[in-house]
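S.K.: Please build the complete structure, drawing on both the sequences and the hints.
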Amino acid sequence: MQDWFADNGWTDGLPVVPPTPEAVAAMVEAGGEPGDAEVGEIPPLGAVATVEKVAVNAVLAGCKPEHFKVVLTAVRALLVPEFNLYTIQTTTHPATPMVVVHGPEARRLGINGKTGALGPGTRANAVIGRAIHLVLTNLGDAKPGVRDFATLGGPAKIGICTTENVDDSPWPEWHTTRGFSPDESAVSVFCMEGPQSVNDHDSTTPERLLDIVGSVMGHIGSNNWFASDTGSEIVVVLAPEHARLASDAGWDRTAVQRYLYNRVRRPVSELSRGGQWSPRTWSPWMNALAKQPDALIPIVEAPEHIVVLVAGGPGRFSAVMTNMGNITRAVTLPIPN
Amino acid sequence: MIAVRAPGLADVDAWARSSGVAPEQALAELGIDDGLPVAPVARAAVEQALAAARLAPADVVATLPPLLKPATAEALAVCSLLAGCEPAHLPVVAAAIKGVAAPEFNGIGVLTTTGSAAIATIVNGPVASAFNGGANLLGPGNRANASVGRAIALATQAIGGSSPGLTDMATMGQPGKYTFCFAEDEANSPWEPLHVARGVPAGTSAVTVFGAAGTVEVANPHAASADAILDSLAAAMFLPGSLDFDRHVVAGGRCVLILSLDWARVLAGEGHDRSTVCRELATRAAWSVSSLPPGLSRALGTSADGDAVIKAVEDPSDILLVVGGGTGAKQALIPAWPAPTIPQTVVV
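Line by line, the protein sequences give chains A and B.
If you count the first sequence from 1, position 109 lands on 109 in this note's numbering, and the numbers rise without skipping.
Heads up: take any position in the second sequence, counting from 1, add 1000, and you land on this note's numbering.
In case anyone wonders, no lab produced these hints; they're calculated from the structure.
All residues carry an ideal CB built from backbone N, CA and C; glycine is no exception.
Just so you know, not all the hints are guaranteed correct.
Listed next, the stretches of chain A that the computed footprint assigns to chain B, with coverage defined by at least 3 CB atoms under 8 Å from CB atoms of chain B [unchecked claim]:
#1 37-47
#2 77-87
#3 183-195
#4 245-259
#5 299-306
Per label pair, the in silico range of CB-to-CB distance [to be verified]:
#6 Arg108/A <-> Thr1204/B: 46 to 54 Å
#7 Ser1019/B <-> Asp36/A: 42 to 50 Å
#8 Ser1291/B <-> Arg108/A: 26 to 34 Å
#9 Pro267/A <-> Glu1029/B: 54 to 62 Å
#10 Glu1029/B <-> Gly32/A: 43 to 51 Å
M.R.: What follows is the structure, encoded as structure tokens:
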């Protein structure tokens, strides 16, 4: 059976759980919606994802029925237009969605936001992320070299799902910045590549810590520089020890976002040398700046597009996820009861 | 307390007596807990894998970190099949495991650090034909890439005793810790393959294991000359977030650089070979210490004043060039975990 699924191109190359009628029915049941209810069309192919078809992929990925509402909510979030799933699915960039679960449901499902939050070791993280990937490849036909033109791709394409470390974070969970209360459960999807690791064992001030984080956010060659004015984002995952360094000095999440926004800039002259300056594709105000080599260009349009999450266990490694050179906006949807 | 008990044929026989599938409890006892489903393992498949690797069940392939446990061929075969490998993949897994176990690789560090280190495995030579070195080579979709990378990770758990949150203390971790294995596109590369450049005879298969901190995309659609390409690549290597304070190098002091076919052809067309590309990058990827974020340059201390130079690598050989990927001039820079870990190339 494993060979049959792999040979038909219905897997990511790893073992799958057989999608028996019983297993799929149990998944649909847990979703609380009819199996033939339409979730939406998955680009680029545009096949209609019904609840049942999403359930088949969730079973294949190894999900338990209890995970299914999160998977369904995440698929709906991916289909909100400002997320720009079509481009994410087909770009040559290694862009891929990341799923972050917020609120009590994340704890109830045992999603790991502590040690190894972005890596393996926890079923809920592994199978929810993987279910999303299988939905995107099997229903959207975003298969490598077929409709997914990622030149290189990246390990995160196997699926990445996590949550914040609410026990050790100094700040409210991120979904509260989107109007949710801490007691509400929600799912966010972010576009990302990487992650890149940020090693800082020595800083004693937020400024120094964030300068180091910022140096990783703004490397020459990053696609974000192509999208300074077209609406891309960057996700910064601060380790709790790093977040507390900022918090102990009186900084909240907004202060961190504003500092990074103002520090992560490069002059037009440098961006031109690195090739990230193509006047044809920039807005008029940026074309005007092309004549001013010393003008400093920010890496995103506004501070709120630097998404600051707190996750991970003890230790002083944070993570930065840069993005594709095209519009994409984080989408947060509530998990239905 | 971690009671490491490597899997073996006795487990396979026990699973066969029930449903043929390893029950979750058995996997938990073996410490196999990446969270993803595993494949059923048949005794015949274990025997085929051992035959493919020309190993006897009790042969010890390596002493596997982090707990320095003997990795028998039998245990490696079971881990590989659980991970989803075909029996024919065992020789590749075994070679990679030898690399991970080499003291210079510092598997104890790679597997226990709070850093985000993952084991990246590059496959070269005839055996690489089953692996993906083309479009999306770093992503999912190819069984050999996915299952061999995962087999290496599962072996470090079930045999070596790596366990998230117990011995694997990664603050963040990274998706590459599930699986991180790819091939070089030797057929379309203008140069000799990576393993040949590292001393393995042409026509022989080999794997190269690398302690990877993460992945960074490098693109510059306006770079049309070798000079502009080398400048773009060198500029991207300025990653102070992976500063190695002992060796005063950024980007971990070592990197795998996956060049797209487009850029490799431009470089080769202007007369570059592997050694000149690496030499140029090692020379160009150098900055004054004063260009570091202020706190970092101060932290380097008295040994580095403002005029001192900080580099991405100490030696050109610390850059491992791989040519591959699909359409598009997109490169991937994979900086090393910023502590001593020396890549290992092992013949399959």
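S.K.: Each hint: holds or not?
M.R.: Taking the hints in turn, this is what the structure says about them:
Only when three residues or more bring their CB closer than 8 Å to a CB of chain B does the claim for the segment 37-47 of chain A stand; here the count is 0, and the claim is violated. Coverage of the segment 77-87 of chain A by chain B is violated. Counting CB-CB distances below 8 Å, 0 residues qualify, and the rule asks for three or more. Counting residues of the segment 183-195 of chain A whose CB falls under 8 Å from any CB of chain B gives 3; the rule of at least 3 is met. Given a C-beta distance limit of less than 8 Å, the hint that chain B covers the segment 245-259 of chain A is violated, as 0 residues qualify and 3 are needed.
Three residues within the 8 Å Cβ limit are the bar, and the segment 299-306 of chain A against chain B gives 0, so the coverage statement is violated. For arginine 108/A and threonine 1204/B, the Cβ-Cβ distance of about 53 Å falls inside the hinted range of 46 to 54 Å, so the restraint holds. Between serine 1019/B and aspartate 36/A the CB atoms are about 32 Å apart, so this pair departs from the stated range of 42 to 50 Å. Between serine 1291/B and arginine 108/A the Cβ separation comes to about 48 Å, which falls outside the hinted range of 26 to 34 Å.
Between proline 267/A and glutamate 1029/B the beta carbons are some 58 Å apart, a value that agrees with the proposed interval 54 to 62 Å. For glutamate 1029/B paired with glycine 32/A, a C-beta distance near 35 Å fails the hint of 43 to 51 Å.
Comparing the model with each numbered hint stated earlier shows that hints 1, 2, 4, 5, 7, 8, 10 do not hold.
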